[in-house]
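J.: As a plain string of letters, each chain reads:
2 protein chains.
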Amino acid sequence: MNDRQRIRGVLSPVVTPFKADLSPDPERFVRQCRWLLSQNVGLAVFGTNSEANSLSVEEKIELLDRLVAAGLDPARMMPGTGHCALTDSVRMTAHAMKLGCGGVLMLPPFYYKGVSDDGLFRSFAEVIERVGESRLRVYVYHIPPVSQVPITLGLVERLLKVYPAQTAGMKDSGGDWKNTQAFLDAFAREGFDVFAGSETFLLQNMRHGGTGCISATANVNPGPIAHLFGTWQNADADTQQARLDEIRGTFAKFPMIPALKAAIAHHGGDPTWTTVRPPLVELTPEQSNALVTELDQRNFTMPGLRR
Amino acid sequence: MNDRQRIRGVLSPVVTPFKADLSPDPERFVRQCRWLLSQNVGLAVFGTNSEANSLSVEEKIELLDRLVAAGLDPARMMPGTGHCALTDSVRMTAHAMKLGCGGVLMLPPFYYKGVSDDGLFRSFAEVIERVGESRLRVYVYHIPPVSQVPITLGLVERLLKVYPAQTAGMKDSGGDWKNTQAFLDAFAREGFDVFAGSETFLLQNMRHGGTGCISATANVNPGPIAHLFGTWQNADADTQQARLDEIRGTFAKFPMIPALKAAIAHHGGDPTWTTVRPPLVELTPEQSNALVTELDQRNFTMPGLRR
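Just so you know, the sequences run in chain order C and X.
For what it's worth, our numbering labels the leading residue of the first sequence as 1, then goes sequentially.
For what it's worth, our numbering labels the leading residue of the second sequence as 308, then goes sequentially.
No wet-lab data here; the hints were simulated from the structure.
The model shown is predicted, which means the values in this text are computed figures rather than measured ones.
Heads up, a few of these hints could be off.
What the hints assert, rightly or not - Straight-line alpha carbon distances no greater than 30 Å define the calculated DSS-like cross-link-like pairs of lysine-lysine that follow:
#1 Lys161/C with Lys326/X
#2 Lys19/C with Lys405/X
#3 Lys161/C with Lys98/C
#4 Lys19/C with Lys468/X
#5 Lys326/X with Lys98/C
#6 Lys178/C with Lys420/X
#7 Lys485/X with Lys560/X
#8 Lys420/X with Lys113/C
Stated by the list, open to error - Computed Cβ-Cβ distance ranges for the label pairs, DEER-style:
#9 Glu246/C with Glu436/X: 40 to 46 Å
#10 Ala432/X with Gly175/C: 31 to 37 Å
#11 Pro452/X with Arg189/C: 38 to 44 Å
#12 Gly175/C with His534/X: 47 to 53 Å
#13 Thr239/C with Gly461/X: 43 to 49 Å
To be verified - According to the in silico footprint, chain C covers these stretches of chain X (three or more CB under 8 Å from chain C):
#14 358 to 365
#15 389 to 397
#16 407 to 420
#17 428 to 438
#18 445 to 457
#19 585 to 595
Quick reminder that beta carbons are idealized off the backbone N, C-alpha and C, glycines included.
Input sequences plus hints: build the corresponding full structure.
T.: The following block contains the structure:
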């Protein structure tokens, strides 16, 4: 891969549609991904908001294969490939490489807590070595509120030293701008691409040398978020950011993943979309109504979603 | 299964041996499990101390198949079968049932934090329903320091109401005796079997109607722990408990899993045993020496381990 083609901009951790029997729904998945691409949003499939860790490796491979078979551009895909088990991470990462994905978003192994940077370095290094592809682009995934296993500056420094080509960047979902800025200050000049974990930090991230954002709400508000990415140097950027924050704020009042799915179900006219896998639960009808009502009051739309 | 044959006593979350290339080592695994059974300790393979979550489902199925093929009694096995992904938990649990395992130890899905009891109930219920075996015996696994997803009294009450046959018991690795006692008080009379998560609580657990313990250090000190289980009503029980606590205390000064493996490597005369999978790291030579020296000072032995 030519590094001038590195993934940039806004990506969606695409929510995974399930059928009534809780099996993944490839048709709805392909359709949703095609719609996101039409809104200039890339595909960080199998992220936290995708319920990726509630899916087996086989289920994820099948879904990824279906996207590529449907003609969607793998260069726009950054699937999540980090698992607790080394062998699962290797298998999923190798498969993403085989399909030509532009990058992979890699969680650290997240079962054991308080592990050392030595152990985490060895985890990422084993995956990179076993996959053995110079065109592999790994984005390390810092999401301590969920994984409870943080990515430190020292770990990235070590990875960049040993694997400068493969250590492509990170997603920072810690919610702490100071941490994002520390990574930007330390590594952005070396071509390490920092994606904010929410569009809340998109403008700030771009103004400090960041690369874009990978955000839950890019599932439902992709066009306006991508628009800010494309025009962040314009005079109206702060106004755009404030409008994005309003919509984000509405979703943040509810459990995020069921709320994203409820909005897609409502605005797409497709109630099947509300289904989540356990341990998550759907919004109650009351929550769902409250969400839709507040979104309507904010003149929120999802253009082009309804078939 | 006749419920009078329910698993009782002391079980070891068997540490998983790896070859130099980090692949699981079935020969050493079978040998270790056979030794543990000879010490009157059952096989809670694929527990936290087994690095189970660092193994793929395929690797675990292969290891379990090898144990049964080697003639070890599946009625003495309580493999860990709980995964983040519903489909992985179903697959592993169904396989354990097919092999005739006496029970399964089930982690809740542990990626998402702060999930509701509704969502956790639905997780366990889906596995029980999909496996569809009346002889399935599920032991729910409470280990909040690692999983960060606790098992509550309310959840167990609901499971017992809907699945009285399959909801067989729990392992409490929370390290809080008051919590163990609350589960004993609430459910032991209904035949819900509470295993303490460490032999530190073995005597206390037995005196309050518990069923035994499933403990890391049963990997290295199985005979004496099993002896206390068998003689807990004897006059010397407190003396036995104090001696167990001393040995446990020595191991607890080091990272537990690498320390267990270092002791097996040393006392078994088999250095290959020290290998751990990332994100864990082996003890340093200094740590290893300090462990062995202190164990020697305590006259610690592992009789019958060396071939």
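J.: Could you run down the list of hints and mark each one as holding or not?
T.: Status of the hints after comparison with the structure:
For the hint pairing Lys161/C with Lys326/X, the CA-to-CA distance comes to about 28 Å; that is within 30 Å, so the pair holds. For the suggested pair Lys19/C and Lys405/X, the alpha carbons sit about 28 Å apart, so the restraint of at most 30 Å is met. Restraint check: the Cα-Cα separation between Lys161/C and Lys98/C comes to about 25 Å, which is no more than 30 Å; the hinted pair holds. Proximity of Lys19/C to Lys468/X is assessed by CA-CA distance (about 28 Å); at most 30 Å being required, the pair is judged to hold.
A C-alpha spacing of about 28 Å is found between Lys326/X and Lys98/C, which places the hinted pair at or below 30 Å, so the restraint holds. Our distance criterion of 30 Å between C-alpha atoms is met by Lys178/C and Lys420/X, whose separation comes to about 24 Å. Simply put, Lys485/X and Lys560/X have alpha-carbon atoms about 24 Å apart, close enough for the 30 Å limit, and the pair holds. For the hint pairing Lys420/X with Lys113/C, the CA-to-CA distance comes to about 14 Å; that is within 30 Å, so the pair holds.
Between Glu246/C and Glu436/X, the C-beta spacing of about 42 Å keeps the proposed range 40 to 46 Å intact. Between Ala432/X and Gly175/C the beta carbon distance is about 33 Å. The supplied range of 31 to 37 Å therefore holds. Taking 38 to 44 Å as the suggested C-beta distance range, the pair Pro452/X and Arg189/C conforms, at roughly 40 Å. For Gly175/C and His534/X, the hinted distance range of 47 to 53 Å is satisfied, since their beta carbons lie about 51 Å from each other.
At roughly 48 Å, the beta carbons of Thr239/C and Gly461/X sit within the given window of 43 to 49 Å. For the region 358 to 365 of chain X, the stated coverage by chain C is satisfied: 6 residues place a CB nearer than 8 Å to a CB of that chain, which reaches the threshold of 3. Counting residues of the region 389 to 397 of chain X whose beta-carbon sits less than 8 Å from any beta-carbon of chain C gives 5, enough to reach three: the coverage restraint holds. Using a Cβ-Cβ cut-off of 8 Å, 6 residues of the region 407 to 420 of chain X lie near chain C, which meets the minimum of three, so the contact claim holds.
Here the region 428 to 438 of chain X counts 3 residues with a CB under 8 Å from a CB of chain C, which clears the bar of 3, and the coverage holds. Residues of the region 445 to 457 of chain X lying with their CB closer than 8 Å to a CB of chain C number 5, which satisfies the three-residue condition for coverage. A stretch counts as covered by a chain when three or more of its residues have a beta carbon under 8 Å from one of that chain; for the region 585 to 595 of chain X and chain C the count is 4, and the coverage holds.
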